[in-house]
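Student: Here is what each chain is made of, one letter per residue.
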Amino acid sequence: MSDSPGALEQAPPVDGGGVPLAVVRGEPQFELPEDLYIPPDALEVFLDAFEGPLDLLLYLIRRQNLDILDIPIASITRQYMEYVELMRELRLELAAEYLVMAAMLAEIKSRMLLPRPVSEEEESEDPRAELIRRLQEYERFKQAAEEIEALPRLGRDVFQAVIAFPDRQVRQCQPDVGLDELMRALHEVLRRADLFSSHHVEKETLSVRERMASVLERLDGEGFTEFTRLFDLAEGRMGAVVTFIAVLELVKESLIELVQSDNFAPIHVRARSAA
Amino acid sequence: MSVQEPLKNILEAALLAAGKTLSLEQMAALFAAGGEPDKAALREALEALRGDYEGRGMELKQVAGGYRIQVRAEYAQWVSRLWDEKPGRYSRALMETLALIAYRQPITRGEIEEIRGVSVNTYIIKTLMEREWVRVVGHRDVPGRPALYATTRAFLDYFGLRSLDELPTLAEIRDLGEIDRELQQQAAEASAPRSGLPLAGEEPEPGLPDAANEPPDDRNREKQDIEKQGAE
Amino acid sequence: MSVQEPLKNILEAALLAAGKTLSLEQMAALFAAGGEPDKAALREALEALRGDYEGRGMELKQVAGGYRIQVRAEYAQWVSRLWDEKPGRYSRALMETLALIAYRQPITRGEIEEIRGVSVNTYIIKTLMEREWVRVVGHRDVPGRPALYATTRAFLDYFGLRSLDELPTLAEIRDLGEIDRELQQQAAEASAPRSGLPLAGEEPEPGLPDAANEPPDDRNREKQDIEKQGAE
Chain A
405 MSDSPGALEQ APPVDGGGVP LAVVRGEPQF ELPEDLYIPP DALEVFLDAF EGPLDLLLYL
465 IRRQNLDILD IPIASITRQY MEYVELMREL RLELAAEYLV MAAMLAEIKS RMLLPRPVSE
525 EEESEDPRAE LIRRLQEYER FKQAAEEIEA LPRLGRDVFQ AVIAFPDRQV RQCQPDVGLD
585 ELMRALHEVL RRADLFSSHH VEKETLSVRE RMASVLERLD GEGFTEFTRL FDLAEGRMGA
645 VVTFIAVLEL VKESLIELVQ SDNFAPIHVR ARSAA
Chain B
194 MSVQEPLKNI LEAALLAAGK TLSLEQMAAL FAAGGEPDKA ALREALEALR GDYEGRGMEL
254 KQVAGGYRIQ VRAEYAQWVS RLWDEKPGRY SRALMETLAL IAYRQPITRG EIEEIRGVSV
314 NTYIIKTLME REWVRVVGHR DVPGRPALYA TTRAFLDYFG LRSLDELPTL AEIRDLGEID
374 RELQQQAAEA SAPRSGLPLA GEEPEPGLPD AANEPPDDRN REKQDIEKQG AE
Chain C
194 MSVQEPLKNI LEAALLAAGK TLSLEQMAAL FAAGGEPDKA ALREALEALR GDYEGRGMEL
254 KQVAGGYRIQ VRAEYAQWVS RLWDEKPGRY SRALMETLAL IAYRQPITRG EIEEIRGVSV
314 NTYIIKTLME REWVRVVGHR DVPGRPALYA TTRAFLDYFG LRSLDELPTL AEIRDLGEID
374 RELQQQAAEA SAPRSGLPLA GEEPEPGLPD AANEPPDDRN REKQDIEKQG AE
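Residue numbers (my numbering), protein chains in the order written: chain A, 405 to 679; chain B, 194 to 425; chain C, 194 to 425.
No lab work stands behind these hints: they were computed from the structure. Any given hint might turn out to be false.
Calculated pairs, DSS-like style, for lysine-lysine (alpha carbon to alpha carbon, straight line, at most 25 Å) [what the hints assert, rightly or not]: (1) K319(C) with K279(C); (2) K279(B) with K213(C); (3) K213(B) with K213(C); (4) K201(B) with K213(C); (5) K201(C) with K254(B); (6) K319(C) with K213(B); (7) K201(C) with K201(B); (8) K201(C) with K279(C).
Some chain C residues well away from chain A (every beta-carbon gap over 10 Å; in silico) [said to hold, decoys possible]: (9) P230; (10) A234; (11) D245; (12) A266; (13) P299; (14) E325; (15) V329; (16) P339; (17) R355; (18) E365.
C-beta: ideal position from N, C-alpha, C; glycine also.
Construct the entire structure; sequences and hints are all you get.
Tutor: Put into structure tokens, the structure is as follows:
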């Protein structure tokens with residue numbers, strides 16, 4: 405193979421031998437590896453096997469047992485172009501990335517043909533360096549993907565153990581509620597109903613409301629109850645006042661009725677709804 | 194104890210992986226044609242397995258279709274908790290209904306609806322009654338005789354109150370609204386300059402309190418809860 | 194040891210009945226409030242369980258989400274006969290995308306494409322998200338605000354890993370400056386008969402500057418990826 409730029413760069417002159425084609429791990433190679441050239445019909449087989457231009461390049465390099473650093477850029481470029489050409493011939497949808505890579509390879513090749521200014525070695529980066537970086541970077545993740553693929557997987561290599569549970573009981577748990585949540589809910593509903601401005605709500609004491617409920621509950625469905633039995637002497641004067649206000653409020657809301665059969669006769673109370 | 198260890202282990206592995214009853218035929222079919230153990234060998238291995246499980250959390254049970262490994266009944270009470278329904282959150286509608294019953298009792302459903310401006314789902318009242326936070330204390334004497342709802346002692350106990358008087362006053366609730374607004378403003382300001390990315394494994398930020406009032410999608414919540422538990 | 198038999202058996206029954214990974218928190222939640230064993234007790238019981246399973250058909254495995262009981266891999270060949278359908282393979286494109294997300298998280302689709310050298314099919318991202326191996330953890334603050342992807346706990350559990358640290362180590366790479374130096378020295382070699390330069394395929398010298406240039410999530414390995422690849 406007359407790969408003069410690649411050979412020029414990679415082949416140190418070795419005594420008695422002519423020019424080696426490449427140096428692999430420090431060993432000069434004088435003969436072409438048999439699989440260096442991939443026949444086009446074989447390429448077809450690999451058509452779907454490559455994950456993009458980097459993958460294809462890696463394949464071409466590895467087929468020659470070369471290190472990434474030893475890329476014989478001219479021959480690799482030629483092989484790459486053949487692949488791309490084949491894809492075109494087969495009118496396969498060629499991802500734009502392949503063409504971008506082709507252009508990049510061509511550029512590297514042309515730059516390597518140019519003589520390198522010896523004085524400015526620091527500044528003139530080898531044109532292959534960026535390509536090599538990308539190949540290395542891609543290769544490590546390609547390999548990582550293979551290793552992840554090989555990890556034991558649930559359902560393929562290991563199986564979750566599960567046994568029957570005939571005595572299963574279903575319990576329901578109830579949500580926890582904080583008082584602050586309740587207050588926020590009330591705040592929201594009152595704000596919407598614009599009840600903050602209502603004196604009617606504002607001045608009510610809750611103990612009266614509570615007592616209204618308990619009086620009502622005691623009366624519900626019982627027929628008449630003697631008024632005095634609604635009071636619990638143990639609660640004292642305040643208790644009596646609260647009950648009394650509660651009864652008045654219940655009367656006002658038409659929830660109970662008071663009945664007195666005669667003057668000074670005992671007052672009876674009953675729930676209106678019980679009638 | 195002449196049972197071949199591999200056979201016993203293979204059967205154990207298969208029964209555990211299957212998670213259901215396997216017949217002797219199914220067990221024999223695990224082996225390459227020609228290499229199937231006969232039924233006597235299978236039974237012997239299963240018998241050994243049954244013995245291994247003495248005093249363990251599981252047992253080998255022979256049922257009509259074959260054999261299965263199952264949880265020992267004596268551990269059911271603990272294991273059952275795995276399926277305890279994760280408590281969700283109550284909807285805003287429920288919380289508002291409860292608050293109105295607490296502050297305006299005795300109150301009918303119609304009156305609650307009037308204040309809230311929307312109808313109250315029967316399910317909400319049912320939930321509150323089942324929770325024993327709310328009871329019917331009578332009926333209003335109007336057409337339809339609607340039930341009058343009031344809160345219960347259990348309601349007070351749950352919220353740590355001795356009486357309804359200990360509930361915050363409406364004035365305090367109004368202030369609460371203002372505090373909320375301030376907090377939200379602060380939160381909004383605090384989040385504005387934040388650009389740090391959540392790290393892998395971190396949960397997304399919890400929503401603002403108002404978002405939590407939305408009716409929950411229980412399935413999602415359950416998942417979140419589990420994830421959160423796992424992350425702790 | 195002194196492990197309470199009931200505790201060990203309860204955990205065994207729960208792990209087997211759950212049929213999935215349970216966290217220590219979930220295990221503690223099996224017990225009535227106030228009676229939960231502490232984490233040390235749970236770990237001790239699990240350790241005892243692990244010992245019990247030596248030489249059995251199953252094993253106790255610790256993964257990111259907690260613990261699970263699984264069938265030992267050595268019995269997979271028999272167990273897999275229980276199912277006709279074999280688990281499908283994932284494409285290389287999907288696995289490479291997953292690998293990049295796992296090692297480089299959080300990462301955008303554009304960044305994945307840059308390294309792979311080809312565009313990433315939307316279908317791949319969708320599959321990874323549906324599988325719940327990958328999730329969006331944020332957006333990069335650049336035009337278009339591309340989503341940042343990261344792996345999930347489910348990903349770790351599925352591959353039997355406790356944390357990302359347990360992923361296979363990434364191959365070491367040489368940085369650009371060093372590559373260039375080597376290339377130039379190679380060129381210089383053309384005129385010099387011999388050199389002690391580290392050539393491709395040799396062990397990297399300790400203390401080479403490239404180690405310091407590695408991103409923090411990359412773990413270096415001694416193994417040479419190049420030899421492995423070349424041997425294929």
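Student: If we take the beta carbon of R355(C), is the closest beta carbon in chain A still more than 10 Å away?
Tutor: holds (13 Å)
Student: Taking the minimum C-beta separation from A234(C) to chain A, is that value above 10 Å?
Tutor: holds (23 Å)
Student: Can we confirm that no CB of chain A comes within 10 Å of the CB of E365(C)?
Tutor: The claim is violated: E365(C) sits with its nearest Cβ about 8 Å from chain A, within 10 Å.
Student: Taking 25 Å as the top limit, are the C-alpha atoms of K201(C) and K254(B) close enough?
Tutor: holds (21 Å)
Student: When you look at the beta carbon of A266(C), is every beta carbon of chain A farther off than 10 Å?
Tutor: violated (5 Å)
Student: Over 10 Å from every CB of chain A: does V329(C) meet that, or does the non-interface label fail?
Tutor: holds (21 Å)
Student: Holds or violated: K201(C) with K279(C), Cα cutoff 25 Å?
Tutor: violated (34 Å)
Student: Between K201(B) and K213(C), is the straight-line Cα distance small enough, at 25 Å or below?
Tutor: holds (23 Å)
Student: Just checking, E325(C) versus chain A, shortest CB gap more than 10 Å?
Tutor: holds (13 Å)
Student: What's the verdict on K201(C) and K201(B), does the C-alpha distance respect the 25 Å limit or exceed it?
Tutor: holds (23 Å)
Student: Taking the minimum C-beta separation from D245(C) to chain A, is that value above 10 Å?
Tutor: holds (13 Å)
Student: Starting from K319(C), check that the Cα of K279(C) is at most 25 Å away, please.
Tutor: Given pair K319(C), K279(C) holds - Cα atoms ~22 Å apart, limit 25 Å.
Hint check: violations occur at hints 6, 8, 12, 18; the rest are consistent with the structure.
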